[in-house]
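J.: Each chain, letter by letter, is given below.
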Amino acid sequence: MAGKVKWVTDIEKSVLINNFEKRGWIQVTENEDWNFYWMSVQTIRNVFSVETGYRLSDDQIVNHFPNHYELTRKDLMVKNIKRYRKELEKEGSPLAEKDENGKYLYLDFVPVTYMLPADYNLFVEEFRKSPSSTWIMKPCGKAQGKGIFLINKLSQIKKWSRDSKTSSFVTQSTKEAYVISLYINNPLLIGGRKFDLRLYVLVSTYRPLRCYMYKLGFCRFCTVKYTPSTSELDNMFVHLTNVAIQKHGEDYNHIHGGKWTVSNLRLYLESTRGKEVTSKLFDEIHWIIVQSLKAVAPVMNNDKHCFECYGYDIIIDDKLKPWLIEVNASPSLTSSTANDRILKYNLINDTLNIAVPNGEIPDCKWNKSPPKEVLGNYEILYDEELAQGDGADRELRSRQGQSQGPKGGRSRDSGRTVLTTWK
Amino acid sequence: MRKAQGSWEKRILKSLNSMCTELSIPLARKRPVGEQKELLNKWNEMGTDEPDLSLFRPVYAPKDFLEVLINLRNPNYENGDSLSFRTHLGLIQVPLKVKDIPELKEFFVELGLTTGQLGIDDSTQVPPELFENEHVRIGQKVLAEQDSAAAQQYIRQGSPTALRAELWALILNISSQPEDILYYEQLKTNVIQHDLLVDSLIYKDVKLTASNDDYYFVFEDYLYQVLLCFSRDTSVLGHFAYNSASPPKSYIRGKLGLEEYAVFYPPNGVIPFHGFSMYVAPLCFLYHEPSKLYQIFREMYVRFFFRLHSISSHPSGIVSLCLLFETLLQTYLPQLFYHLREIGAQPLRISFKWMVRAFSGYLATDQLLLLWDRILGYNSLEILAVLAAAVFAFRAVNLMEVTSLAAAEAVLADLSTLKVMPLLQIFLFATVT
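Listed in order, the protein sequences are those of chains A and B.
Residues in the first sequence are numbered from 1 upward in steps of one, following UniProt numbering.
Residues in the second sequence are numbered from 1 upward in steps of one, following UniProt numbering.
Treat the hints loosely; a few may be bogus.
[Unchecked claim] Once the Cα atoms are required to be at most 20 Å apart in a straight line, the calculated EDC-like pairs of lysine to aspartate or glutamate come out as: (1) A:79 with A:30; (2) A:275 with B:289; (3) A:103 with A:89; (4) A:275 with B:129; (5) A:275 with B:121.
It is worth saying that the hints were derived from the structure and are not from the lab.
Next up, chain A with everything else stripped away, as it sits in the complex (with noise of 0.2 Å):
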């Protein structure tokens, strides 16, 4: 039996240095020999960079993949999302059917979104197509919220068509990069509030693909109630749910924290539309994570040092619709409630015992398939191998604990690639 894990991160979170030591692991710095580094998103790119990055040892592991941004960053996320949409078309599985009016009947997850200034053309014959839309502009690389602005004027926006006329545009600098959205002006309101949903995921290989959700997401509420009005596109109150933001509105409870958890979804969603609409959208829920996955997964590094926890984040319209509007690698360890440190913690935990094996130095080479018992809130989203490996007999039909009172949603029967059994 080898030594202690020795642990180093950048991130001096709590929830994080409190599992490593109850697990008895050994703190050191980055230049010692470590075997576990919790590292922010900006310390991977160096770790991984061509010219400062270092060779990583078998018993070494980190929390990120080297090329996380082509699922974190949202332009490229919507490019990869675009072209597995094309690839699968070409080849003409049956994932890629469309309807009458050319929209992807099971892969239309994302809002229609275009590049700036790149796009900034296509994104005009799209505008006029349906002048009084509203769409939400979005910075590429920050988070929390930030520099995030809605319109419904092309005026608004004048700034990044001036660019897009000048002929060569090959490099976009980081900071002026944004994506514009389709604007979903149609949530789903619950108590008039509108609300998105934050989930977890852990992927642990890309190649065979192998991923899990924490069953304990959360719903986090606008303390405004919502309005389409014209009049209130620019409170931020009244659109954006993260609680960065939320958290300096007059309303913000810091009890509850405006959050609600997902079994509480569920439970309203059931008792009040019914069960099989209710189930049909988590179903949808998992469906959309899974192909996001897939879309990236042949463009990322599956460095086998790496597990990434993803924050994913979902809008859900009033069509019980939900839609894919981010995914972050970084998601907040911050807590801004006592519920929510315990989540966190647990999330952490959690992560840690299917990451690193029995909390010993791990070894990168090992078959990342952990034993059920070890995965505790999580549960089996999609496992490429077993579901190419078993026939049509596996049943994933894994009912959630219930611990959180109602059942959350299955894991999909998800070894076919073929057509989905809940369409």
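With chain A held as given, fit chain B onto it using these hints.
T.: Below, chain B without anything else, positioned relative to chain A:
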């Protein structure tokens, strides 16, 4: 009982009136037109406009009410001087008849070990073919036939989440006709036109309780829409015919004592107390249409909830529930009961607030709804007392080790992880008595 209820009411009214005088706020006033318009605009988001409520206090809290109940004595009752093992050592000293466990087992026979239950037999380990699927199918049939009596029988085994809203409406005979919606709109108009002191109490209560609740904060605005209308609904006065309480009366200014100038205040005769809004909150998970939500709540109130805060001898009245709880504990968990009594932690002091609120705000919502299923199914609130006793039984080991009331409270502070049906089932059917 009536005398006690009468003097309790006098106290409440006195408290209300003195708040009125202290704050120089009339019990009721007509709103100026500008204010009416403003309120109408803000009808769906009354939660955001926070008037200054710092000077308002709830008229009373459950613990004040408990003190009154503890001091209830029947002057006619002679039980002999000597203490015996039959002597009731709890706080309630009124000799009402309550059921014992054999009688409860008979009453709640459908909760028995051999009958399928939602809340137990729909858990992850149990394949749905064994019970759940068939139960859902029967529920759908009951709804299709619109058979209220069958629904009431059916729901004793719990309601599937997707059917619950309709089943409750069926059992409570709520059908949302156009005239019901009109009636609700009329109440809304009353709210817009007149401001009542009681409104501020409601406002304050919501802000103190539901707004801070993990499950119910989302529905804050619905609570105002329901409760403000509720206090103006004179049809609620009808329930005083079978309630030992009487609605408080107030007199037009300057006409004190003249019956022709007496009005019921508030119009529905119900003065809200601290935690009152929690009766409505769980219903928001089932009904999102305000007038339907309103009707369901009103019916639940006049059938059940009113018994939880008026003094009567009814078996579902709060006095009987308290006595039932204490008797169950003293009879079947005597060691625990004596221990808690010794350390100055009379169990009722802890469980009273659970029962008064029908456990709303203490249990997780899905569990609470399963509990309220059974209240509707058995048309009785006795299950609240049984659950309270079952909770003590469940945490008995920890409770035996505490040495103060505060420590006992701490052991029982968090009920949010409890599963009510297994607790009830074990307490009633699986404990050696």
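J.: Run every hint past the structure and note whether it holds.
T.: Status of the hints after comparison with the structure:
Straight-line distance between C-alpha atoms of residue 79 of chain A and residue 30 of chain A comes to about 35 Å, which puts the hinted pair past the 20 Å bound. Using a Cα cut-off of 20 Å, the hinted pair residue 275 of chain A and residue 289 of chain B holds, with the two alpha carbons roughly 19 Å apart. Between residue 103 of chain A and residue 89 of chain A, the direct Cα distance comes to roughly 12 Å. Compliance with the 20 Å bound is thereby established for this hinted pair. The hinted pair formed by residue 275 of chain A and residue 129 of chain B meets the criterion: a straight-line CA distance of about 17 Å does not exceed 20 Å.
As the CA atoms of residue 275 of chain A and residue 121 of chain B are separated by approximately 18 Å, the hinted pair is consistent with the 20 Å bound.
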